[in-house]
Amino acid sequence: MRLVIGIGSPYRSDDAAGLRTADILSGMSLAGAVVRKEERDGFAMMDAWEGAGEVILIDAMSSGLPPGTVRKFYGEQIRSDRRALRCSIHGFGLAEAVELSELMGTLPRRLSIFGIEGTSFETGTRISAAVLKGCGEAANEIAGILRIPAGNPV
Amino acid sequence: MKRRTIRVDYLARVEGEGSLYLRIQKGTVTEAKFRIFEPPRFFEGFLRGRNFAEAPDITARICGICPVAYQMSSVHAMEQALGMTVDGQLRELRRLLYCGEWIESHVLHIYFLHAPDFLGYQDAIRMAKDHGETVQTALRLKKIGNEIMTIVGGREIHPVNVRVGGFYRLPSTAELQTLIKKLEWARETALDAVRWTASLPFPDFEQDYEFVSLRHPEEYPLNEGRVVSSKGVDIPVREYESYFIEEHVRHSHALASTIKDRGPYFVGPLARYNLNFDKLGETAQKAAIGAGLAQKCQNPFKSIVVRAVELVYACEEALRIIRGYKPPAAPFVAASPRAGAGMGCTEAPRGILYHRYRIDQDGSILEAKIVPPTAQNQKMIESDLRNYAARHLDLSDDTLTWQCEQAVRNYDPCISCATHFLKVRIDRD
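Protein chains in written order, with our numbering: chain A, 1 to 154; chain B, 1 to 429.
What the hints contain is simulated information worked out from the structure, not anything from laboratory work. Positions of the beta carbon are idealized from the N, C-alpha and C atoms, including for glycine. It cannot be assumed that every hint is accurate.
Stated by the list, open to error - For each label pair, taking beta carbons as the anchor points, the in silico distance ranges come out as:
no. : chain 1 : residue 1 : chain 2 : residue 2 : range
1   : A       : 36        : B       : 132       : 49 to 57 Å
2   : A       : 74        : B       : 42        : 38 to 46 Å
3   : A       : 133       : B       : 50        : 36 to 44 Å
4   : B       : 133       : A       : 144       : 35 to 43 Å
5   : B       : 25        : A       : 36        : 39 to 47 Å
6   : B       : 87        : A       : 109       : 34 to 42 Å
What the hints assert, rightly or not - Some chain B residues well away from chain A (every beta-carbon gap over 12 Å; in silico):
no. : residue
7   : 3
8   : 146
9   : 157
10  : 168
11  : 188
12  : 320
Assemble the whole structure, with the sequences as input and the hints as a guide.
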């Protein structure tokens with residue numbers, strides 16, 4: 001199963017970037033892929049991707065890049081650049097879920113993470129214009145990946 | 001003697017943001033502050049003007065780990081104000097929902113927040129490297145608690161199915177029975193958890209605590225009972241504010257509680273256990289005794305074992321309710337607004353959670369008061385830190401800091417609750 005999970009909180013401004021991107025993807029025709037949204041913590045993410053062969057995660061990030069920048073993490077990069085993932089409103093967030101899954105051998109065989117640089121994570125429901133643009137770019141890129149048959153190099 | 005400062009600016013493995021400061025001068029702990037700097041959240045303020053029926057859903061947002069506790073305390077308070085009684089299978093379903101939350105919360109704390117301290121790991125992920133099977137089992141156990149909350153509460157985080165008078169939708173017998181085999185496994189796993197936690201190395205530390213919890217004539221307390229203490233308090237919930245006083249403390253965004261004319265007190269699993277051992281049921285009692293716990297326990301570090309004992313109880317109680325479940329005629333008792341005031345006090349995973357509301361004839365909330373367990377434990381936490389540090393001044397700053405953090409985590413503090421990651425700072429002279 002090819003699974004796309006948009007992660008975030010709808011009430012923390014740009015932290016909703018992953019959710020918005022998932023909304024955009026849900027409006028596209030993507031045969032063979034399941035698109036979900038996940039607002040809960042890292043434990044719930046681990047449940048969500050259990051059993052999926054290929055998983056694409058989308059989340060807001062805070063790494064000092066210009067707002068709206070889309071950055072992709074594949075394979076070994078996910079292991080080596082955990083700091084960029086370690087930004088969560090939850091105590092047990094994405095980075096912890098990836099680490100724990102890897103230790104327990106439950107990490108999806110193919111995992112990629114799309115980070116969209118946010119600028120505001122304050123309480124609120126408005127996503128910054130630059131981040132919205134990034135959501136659109138991420139969605140187009142992910143759709144392109146999903147249109148390549150599963151198992152082929154990306 | 002050199003002044004020592006032990007400082008942790010951001011406590012890990014607790015919910016929310018807190019810090020600790022200790023000053024040690026000439027071999028004496030002269031200052032111990034547990035500082036909650038999580039921003040105040042003003043729930044009591046913005047509940048005013050809302051309808052009584054909204055209280056469970058609004059207050060549930062105070063906490064993502066213990067939303068059911070807020071919902072239960074709020075519905076009980078509103079039902080008292082409206083002169084309603086919810087009984088029978090609806091009452092049983094509320095207990096079942098609470099069991100789900102206890103399971104999920106206690107497992108999270110035992111395995112992911114507190115056990116790493118005892119085993120010398122910085123966090124549960126590092127612990128998982130050496131104890132992978134234990135962590136995997138914990139994840140499966142936690143999930144069962146979440147499933148109970150989803151089936152009965154409609155959602156595992158901030159359940160949406162709770163209302164004044166009962167529920168919006170009743171679970172079917174078939175839905176609940178899908179949990180039976182899982183809970184039977186969970187009960188056996190909880191028994192293993194009692195044995196496992198009992199084998200952890202415990203600092204030798206006891207204090208003469210005043211424990212406070214609910215007490216019910218027939219059951220281990222979840223939703224109902226009188227408020228009792230180990231030093232003579234025995235009152236109906238409506239008299240809570242005559243005995244338990246909240247006050248501002250300069251160094252914290254959370255109000256701190258004391259018993260009037262006495263001082264700090266201790267709420268949570270250890271309090272419940274000490275005051276209600278006889279109501280635990282045979283399986284949980286035997287597990288506790290078999291693990292070396294006496295019927296009374298004054299060592300706060302052994303709270304982790306008591307949480308495991310309560311896991312056994314919660315699994316047993318959930319099985320009892322599910323096996324006896326017969327869907328009632330209606331999912332809720334209808335509520336008609338009227339002017340009045342009501343109090344509710346239920347046992348959140350971390351201890352008693354008190355709500356009081358005053359509503360007008362249309363059901364609008366005029367006044368709200370919420371006293372979470374972690375706020376009630378604040379002064380007790382400071383007392384423990386002061387006394388624990390005083391007995392262990394020979395330890396290096398690093399070791400003393402570690403053990404002070406561990407001491408705070410005995411209380412499984414929910415700091416977001418307390419304001420509507422501990423930083424420890426110890427200054428030594």
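> Of the hints stated earlier, which fail here?
Replying inline: As far as the earlier hints go, 1, 5, 6, 8 and 9 are violated by this structure, in ascending order.
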